[in-house]
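A.B. asks: Residue 92 in our numbering is what sits at position 92 of the sequence shown, and the numbering runs on without skipping anything.
These are computed hints drawn from the structure, not numbers from a lab.
Idealized CB from N, CA, C, for every residue including glycine.
Accuracy of the hints is not assured; some may be wrong.
Dumping the calculated DSS-like pairs for lysine-lysine here, alpha-carbon to alpha-carbon at most 27 Å [to be verified]: (1) K47 / K130; (2) K47 / K135; (3) K132 / K47; (4) K110 / K130; (5) K110 / K132; (6) K47 / K110.
Taking CB as the label site, the calculated pair distances span [claimed, not checked]: (7) T114 / D39: 30 to 38 Å; (8) K130 / Q30: 20 to 28 Å; (9) D95 / G21: 25 to 33 Å; (10) E73 / L33: 27 to 35 Å; (11) W70 / A22: 30 to 38 Å; (12) N127 / R36: 19 to 27 Å; (13) G2 / K135: 27 to 35 Å; (14) S133 / L19: 17 to 25 Å; (15) E50 / K110: 22 to 30 Å; (16) E65 / T114: 29 to 37 Å; (17) D60 / G21: 13 to 21 Å; (18) S71 / K110: 31 to 39 Å.
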Amino acid sequence: MGRRQAREAALKTLFQVELGGAQPDFALQQMILEDRLSDTETSFSRKLVEGVLTNQEEIDEILAEFSTEWSLERMANMDRMVLRLAAYELLFCPDVPMPVAISEAVELAKLYSTNDSGRFVNGILSNVAKLKSEKGGKGK
Numbered sequence: 001m002g003r004r005q006a007r008e009a010a011l012k013t014l015f016q017v018e019l020g021g022a023q024p025d026f027a028l029q030q031m032i033l034e035d036r037l038s039d040t041e042t043s044f045s046r047k048l049v050e051g052v053l054t055n056q057e058e059i060d061e062i063l064a065e066f067s068t069e070w071s072l073e074r075m076a077n078m079d080r081m082v083l084r085l086a087a088y089e090l091l092f093c094p095d096v097p098m099p100v101a102i103s104e105a106v107e108l109a110k111l112y113s114t115n116d117s118g119r120f121v122n123g124i125l126s127n128v129a130k131l132k133s134e135k136g137g138k139g140k
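Produce the complete structure using the sequences and hints provided.
C.D. replies: Encoded structure:
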C-alpha cells in the first residue's frame, strides 16, 4: 500500500491524539503495529504526525481562511483531521505533488467521513494549493 497506508495511520493517530487525548508517540506506535507498516511507511507516517502537530496553529489559520461555511470546531472531526494532514503535505512537503496530496485526502475523507466530505475537502484544499502556488513557499 505504501504512502496511502502511512497516511491512514497518521490520520488515525491524529484522531486519537485530538479526540482521545492519546500521546502522539504511543498512538502512532499502536498504528504502526496494527497496520504492520514497513520502515519506509513508518518514517513517512511519523513525519506527517509530527509535522501536523508542530505546525497545527499555522495550518488551522490557513484552513479557517478557506472554510467560510464551517469553523474548524464545527466541522466533522474526521474532516478536520484529513484537512490538517493534507494541508501539511501541501504546505510543507515539496516532494509530494499537490494533486496527489489533494486526491489522497479526498479518498481518505470519503472512506472515513461523510458522503459530502470528499467534495468539501477538495474545495478547501484546492484553495490551499492555490495559495501555496501564489506565495511560492511555505504557509502564509
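A.B. asks: Next, verify each hint and record whether it holds.
C.D. replies: Taking the hints in turn, this is what the structure says about them:
no.	hint	in the structure
1	K47 / K130	holds (23 Å)
2	K47 / K135	holds (24 Å)
3	K132 / K47	holds (20 Å)
4	K110 / K130	holds (22 Å)
5	K110 / K132	holds (24 Å)
6	K47 / K110	holds (23 Å)
7	T114 / D39: 30 to 38 Å	holds (34 Å)
8	K130 / Q30: 20 to 28 Å	violated (36 Å)
9	D95 / G21: 25 to 33 Å	holds (32 Å)
10	E73 / L33: 27 to 35 Å	holds (32 Å)
11	W70 / A22: 30 to 38 Å	violated (25 Å)
12	N127 / R36: 19 to 27 Å	violated (36 Å)
13	G2 / K135: 27 to 35 Å	holds (30 Å)
14	S133 / L19: 17 to 25 Å	violated (32 Å)
15	E50 / K110: 22 to 30 Å	holds (26 Å)
16	E65 / T114: 29 to 37 Å	violated (23 Å)
17	D60 / G21: 13 to 21 Å	holds (18 Å)
18	S71 / K110: 31 to 39 Å	violated (23 Å)
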